[in-house]
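Student: For reference, the chains in residue letters:
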Amino acid sequence: MHHKVVVVGGNRIPFAKAGGRYARASNHDMLTAALDGLVARAGLAGERIGEVAGGAVLKHPNDFNLTREAVLSSALAPETPACDLQQACATGLETTMYIANKIALGQLSHGIAAGVDSASDAPIAVSDPLRRILLEASRARSAKERLAAFAKIRPAHLAPAAPRVAEPRTGLSMGDHQALTTTRWDIDRASQDELAAASHHRLAEAWERGFFDDLVTPYLGVTRDAVLRPDTSVEKLGALKPAFGGPDGTMTAGNSTPLSDGAAAVLLASEEWAAEHHLTPWARIVDAEVAAVDHPGGADLLLAPVGATGRLLARQGLTVDDIDLFEIHEAFASTVLATLKAWQDEDYCRSLGLEGPIGTIDRARLNVTGSSLAAGHPFAATGARIVPTLAKLLHERGPGSRGLISVCAAGGQGVVAILEAV
Amino acid sequence: MSIVEKAYYSPAGRKVAAKAGLAEPPRLRRGRAFPHGPIVLAPLGASTLVADTLALLGRSHEAPVVDAGGDAPGYGDRIGALVVDATDVRTVAELEGLRAVLRPAVRGIERSGRIVVVARPGTGRGWEADAVARALDGINRTVAKELRGGATATLLYAHDGVEAGDLVSTLGFVLQGRSAFVDGQSWHVRPGSGTVDRLEDRPLEGRVCVVTGAARGIGAAIARTLARDGATIVAVDIPAAGEQLAAVANEVGGTALQLDITADDAGARIAEHVAARGTRIHAMVHNAGITRDKMLVNTDAARWGSVLDVNLAAEMRINAVLLDPGTAGGMADDGRIVGVASTSGLAGNKGQTNYAASKAGVAGLVIAMAPDLAERGITANAVAPGFIETEMTQRIPFVQREIFRRVNSLNQGGQPVDVAETIGYLVDPASQGVTGQVVRVCGQNMVGA
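Just so you know, the protein sequences line up as chains B and X, in that order. 50 is the number that our numbering gives to position 36 of the first sequence; each next residue is one higher, with no gaps. 361 is the number that our numbering gives to position 311 of the second sequence; each next residue is one higher, with no gaps.
If you are wondering where the hints come from, they were derived from the structure by calculation, not from laboratory data. Using N, Cα and C, we set each Cβ at its ideal position, and we do this for glycine too. Some hints could be false.
To be verified - Pairwise CB distance ranges, derived in the manner of DEER restraints:
#1 B:Asn79 with X:Glu425: 53 to 61 Å
#2 B:Gln121 with X:Ala290: 54 to 62 Å
#3 B:Gln121 with X:Ala378: 28 to 36 Å
#4 X:Glu425 with B:Pro95: 51 to 59 Å
Unchecked claim - Far from chain X, some chain B residues (derived; all Cβ distances over 10 Å):
#5 Lys116
#6 Ala180
#7 His215
#8 Asp227
#9 Thr237
#10 Arg243
#11 Leu332
#12 His409
Generate the whole structure from the sequences, applying the supplied hints.
Tutor: What follows is the structure, encoded as structure tokens:
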């Protein structure tokens, strides 16, 4: 890292539950809106940006070159290059690191990292047999051949195939996987509901104090996160029926993130570029680490970030006591709680090759403005939501404040990053 | 659109309306275009102030046709404007000279033409001179009402010591299409910096102008117009209006600042935003405003307080922060503060006690601030829009709306850009001698002072 990389701003649209207010908005529309809000905030209209990296987890075939196409629809100069990346739910953090690394190497002076997802506008494919028949018909050289191909269509072929939310190697959904982790780590219902309630209350409080005035731009008339329930409580959450883990399960719709729609973007720059453009650096990107676990072999699907956290802290010569704020993505309340337990578990940490437990943290320093349970979790957007949020929080605390981001992802992966206020 | 409105705008409806005297209103000349026909200059004494100003504007001028009795004299082709230098006029008898040049001109003026009288103000020059100064106002208002086809009349009071350079931005504004909806008005010009020698097309180049309520309507038009004139725009609006605000900011190549102007730290956050970009504010345009209309018998403390807070008190709190010389990113010396008043405030309007209070208050505020800020070269002025075609006025029921937009000398509602252009004139660095003024942008609405 030769050049210091700083977060100088961010923007997202309010997140909404799938099938809600953004039901008719595409990935392209939402990503463009997130970019335009960022451009307006930073005064970048008509400017050629070094590079924009974005991505989506649920992509249509016509989302080809999604980020570049969104750039062309945005107020940015059409000469702004862009690329698509994807690392499941960690996409927004991985795009951040992609741009940050290029800046650190001097390949870019600045860039935008982004992520978007629409669970409402998810691609629906035709069934595999139907697809083969249609392809055969299109290759047909005569009307007779074409009719022969169509004659093979059976009613069952017409059922649409929605994208699979299950892990391809285990056949289990993410919730099913997390239910196994919840049981294995002995996470009780009450602590999950408490964490979920705190997430809502903290996010609501941040909205109330205007914290998001320079982080969010309304979209399609939605001015606040539509998932947010400021008046929820442990009692209300306690009344919900289990959604995963069978009749005795502890995971509910209330302590699991809902399928969501939304987009987010981060403006990253070298210190020099930020100064030239009169933009206040909030925090610098210190370092990041990626990890994966062998979930087909039985490892906890969503605990991959634990190993990444231990290795990253060790590389930086830091302990959890050197970190002021923690942002652990709330895929499920129990993911966060299991992660915290894993951090304290000496045997588990050693099994990952770490020298000892990562440590225990004060919960008052965790997700202080709420996280995905309250905000929603449009998969690829979450990392790009968290980075500017944490950077601004650290900036408010003053120079030298450090924060750690931990995001789990499908496929048994995870990305962890450290930011430090400048 | 209501059935009545649809019928009104149908071809048959238009014919009926025209017969009923509701003719298609004139299309006004707008933008930086000068009058099409020649500018006629009529000096009523030895003063060369107006001639010198026209020279700085780069406009040639012709001699006037003077009515000396006999058949009503006239111009051959239509004239674009008559500009009268009446700064030497002191007596009632001398007003005859004005009549003699006005009479041929009102008949021969082109559509969207201009009649401009430049005179001395009635500020203690003796009883007759002061009476004459006021008589000119009566003449101006009446001429404005008699002119047709979108032509307007304006009276400018040039104080002692005003030189051509001090008058350039004002006379340029009045002659150009930018003043399309300013009619029958008079305001004062005092000696300025004395360094102006021309009318700039982009006078705000490289200057930061903050516009509140910039997400739509008049505020968006202000942002666009000031940006056209070279300004770097900081577009401010409430967070809930952020989507439109971002679109406006991106369109004008400025920045968006989502901010509730009634927040305690609103002024500080505006200054911080500007300071971060290493500059100070050239112009602060307080455009944001709300209405909570009710007849006074139904007006509770909440309706009263919210309107006064947004429209007046917030503006005062923000000014206090920005005018503190110690505020990084605050008002620059020779800066400009513009408030947006309203004809409702100046004349009163049924069901708008709270709004009228706030908007008349804005007029009072700039008049009070102007002398105190003069030492730093900062001017404080207000515009007072009349009926302007916006989303807000579009919600007024059709028949009422059609009456509102017709009860002025131009027979139509104004456009948001008309308010914006007037603000552009007031924030022009060349308008240094214009302060403590309230300029109505109302087409000489029958309602108002």
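Student: Sort out which numbered hints this structure fails and list those numbers smallest first.
Tutor: Hints 2, 8, 9 not satisfied by this model.
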